[in-house]
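Taken in order, these protein sequences are the chains called A and B. Counted the way this note's numbering counts, the first sequence spans residues 2 to 241. Counted the way this note's numbering counts, the second sequence spans residues 787 to 974.
Because the hints were derived from the structure by calculation, they are not lab data. Incorrect hints may have been included.
Said to hold, decoys possible - When the alpha-carbon atoms are kept at most 20 Å apart in a straight line, the in silico SDA-like pairs for lysine to any residue are as follows: (1) A:K63 with B:R867; (2) B:K959 with A:R42; (3) B:K959 with B:Q909; (4) B:K959 with A:E10; (5) A:K63 with B:A830; (6) A:K213 with A:V187; (7) A:K63 with A:C8; (8) B:K959 with A:S53; (9) B:K959 with A:L55; (10) A:K7 with B:T948; (11) B:K959 with B:E926; (12) B:K959 with B:R936; (13) A:K7 with B:L946; (14) B:K959 with A:C8; (15) A:K63 with B:T948; (16) A:K7 with B:L955.
If you want the building blocks of each chain, they are given just below.
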Amino acid sequence: MARAMKCAEAEELIALAVLGVLETSSSSDIEHHLSTCSHCRETARAYRRATSILPASLEPAKPSRELRRRIMTEVYSSARVDRPHRLTPGAIWRRVPQSRAFTVAALATGIAAVVLGVWGATQTPGAAQTFAVAATTNQPGAHGQLTYFPNSARAVLTVAGIDASSGSNAANVVEIWLVPHNGAPVPAAFLTPIPQTSTWTAVIAGDLLTYKMVAATTEPVGGRPSPTGPEIFSVALPQS
Amino acid sequence: MEHPEAGILDLLAQGSPEAIEFLYDRYGRIAFTVALRVLSDHAAAEDIVQEAFLSIWRRAMTYRPERGSLRNWICTIVRNRAIDRLRGESGRSRYELPFDEKPDEPDLSDTWTQVAAELGRQQIREALQQLPLEQRQTIELAYWSGLSQREIADNMRVPLGTVKGRARLALSKLRDVLQEREESWHAP
Numbered sequence: 002m003a004r005a006m007k008c009a010e011a012e013e014l015i016a017l018a019v020l021g022v023l024e025t026s027s028s029s030d031i032e033h034h035l036s037t038c039s040h041c042r043e044t045a046r047a048y049r050r051a052t053s054i055l056p057a058s059l060e061p062a063k064p065s066r067e068l069r070r071r072i073m074t075e076v077y078s079s080a081r082v083d084r085p086h087r088l089t090p091g092a093i094w095r096r097v098p099q100s101r102a103f104t105v106a107a108l109a110t111g112i113a114a115v116v117l118g119v120w121g122a123t124q125t126p127g128a129a130q131t132f133a134v135a136a137t138t139n140q141p142g143a144h145g146q147l148t149y150f151p152n153s154a155r156a157v158l159t160v161a162g163i164d165a166s167s168g169s170n171a172a173n174v175v176e177i178w179l180v181p182h183n184g185a186p187v188p189a190a191f192l193t194p195i196p197q198t199s200t201w202t203a204v205i206a207g208d209l210l211t212y213k214m215v216a217a218t219t220e221p222v223g224g225r226p227s228p229t230g231p232e233i234f235s236v237a238l239p240q241s
Numbered sequence: 787m788e789h790p791e792a793g794i795l796d797l798l799a800q801g802s803p804e805a806i807e808f809l810y811d812r813y814g815r816i817a818f819t820v821a822l823r824v825l826s827d828h829a830a831a832e833d834i835v836q837e838a839f840l841s842i843w844r845r846a847m848t849y850r851p852e853r854g855s856l857r858n859w860i861c862t863i864v865r866n867r868a869i870d871r872l873r874g875e876s877g878r879s880r881y882e883l884p885f886d887e888k889p890d891e892p893d894l895s896d897t898w899t900q901v902a903a904e905l906g907r908q909q910i911r912e913a914l915q916q917l918p919l920e921q922r923q924t925i926e927l928a929y930w931s932g933l934s935q936r937e938i939a940d941n942m943r944v945p946l947g948t949v950k951g952r953a954r955l956a957l958s959k960l961r962d963v964l965q966e967r968e969e970s971w972h973a974p
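With the rest of the complex left out, here is chain A (with noise of 0.2 Å):
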């Protein structure tokens, strides 16, 4: 049964818990005197952030280049065996035709895709780069990162700030355009609410460095072929 303890004694637990050497056999009593006392739970809740920054106070150490590989070697190994909609050798061999001109044309073809899966695989994958959204004057709240991935040539786009009453009801969303130096902009990704915050992200597919910016604007739902609404933000995209 769970020891009555006082508020001092709890708090010295909590400190010894929260630094992670609190033994177990003080476990129910500091249990049982937090479930019954707001105070030591918001000194428990305070004490964590105390403790958080600890990690800040080290001198930066420097990981090798290769700890990077290796994880991002198994994450999109494993990432190419967890996604069904990849083919597999299995699938690329049913579709082969049975006729030997296209068996020796498919074997030469798989065995050069081989060799460039294995290569990709190993490679060490280029370093992300983040660049900021840009408000306008219809949407002056606007906020948020583009972290742009060159290896997969994806972008993760996330803005906070804008009024969802343009983007979410039923009449409009809201359009991501890639813009190029040159020539009309392309229709790229809609913008998504993430539940139960007040952010909207999108993943945006292309060589973005060939182009001049990315920007959005309100739209009727479904999306334009070309841009018709106000635009709502921009990322400048840097010169290739």
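Could you slot chain B onto chain A? The hints should help.
Same frame as chain A, now just chain B:
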């Protein structure tokens, strides 16, 4: 308060490899710093960081995007794994308090993320330097060494009650410094 990394959390929950790449580029260095502080061994620290990020990657489908403070979450995972490695087979089990948030999940809610981000290394060191030496040594031994409370008492040649008192006083003072910082954040 919206979480500035919510988009990445969402992608992580969807199992996007780009999300873990982004997280490593942003937090890999602090994660390695934490592991190296505990283990004092470069190769072992890298192993722990690799295990931790692959663990995050494999648990991504159960991740809740509405919860944040990724940096603290990652540092906690790395530190716990590093201390487990340090303790080895004879290690004791770690007791964690039943907070509102699970200890292994992020704490996101208010201005804390901004306050923590605003504090630079020098400011945190200054806050720690304000603590009496014996209090600072107590929390650093407890947090980084993997020693038990009794081992800390033996190491510092003080009674167990003194270790408890010093830990409470140290965290109480750090809390006050951080609350002061948080209030200044709210000030106009």
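Status of the hints after comparison with the structure:
As the CA atoms of A:K63 and B:R867 are separated by approximately 19 Å, the hinted pair is consistent with the 20 Å bound. At roughly 17 Å between alpha-carbon atoms, B:K959 and A:R42 fall within 20 Å of each other, so this suggested pair holds. Among the hinted pairs, B:K959 with B:Q909 is consistent with the structure: their alpha-carbon atoms are about 14 Å apart, no more than 20 Å. Distance check on the hinted pair: B:K959 and A:E10 sit about 17 Å apart at the alpha-carbon level, within 20 Å; holds.
Only pairs whose Cα atoms come within 20 Å are accepted, and A:K63 paired with B:A830 is accepted, the gap being roughly 14 Å. Between the alpha carbons of A:K213 and A:V187 the distance comes to roughly 12 Å, so the proposed pair stays at or under 20 Å and holds. For the suggested pair A:K63 and A:C8, the alpha carbons sit about 42 Å apart, so the restraint of at most 20 Å is broken. Only pairs whose Cα atoms come within 20 Å are accepted, and B:K959 paired with A:S53 is accepted, the gap being roughly 14 Å.
For the given pair, B:K959 sits about 14 Å from A:L55 by alpha-carbon distance, which is consistent with the 20 Å threshold. With a C-alpha separation of about 17 Å, the suggested pairing of A:K7 with B:T948 holds against the 20 Å cut-off. Proximity of B:K959 to B:E926 is assessed by CA-CA distance (about 15 Å); at most 20 Å being required, the pair is judged to hold. A hinted pair counts as satisfied when its Cα atoms are at most 20 Å apart, and B:K959 with B:R936 does not qualify at roughly 23 Å.
A threshold of 20 Å between alpha carbons decides the hint, and for A:K7 with B:L946 the separation of about 18 Å falls inside it, so the pair holds. A distance of roughly 17 Å separates the Cα atoms of B:K959 and A:C8; the hinted pair therefore holds under the 20 Å criterion. Of the supplied pair hints, the one linking A:K63 and B:T948 is violated, its CA atoms being roughly 37 Å apart against a limit of 20 Å. Proximity of A:K7 to B:L955 is assessed by CA-CA distance (about 16 Å); at most 20 Å being required, the pair is judged to hold.
Taken one by one, the earlier hints fail for this structure at numbers 7, 12, 15, listed in ascending order.
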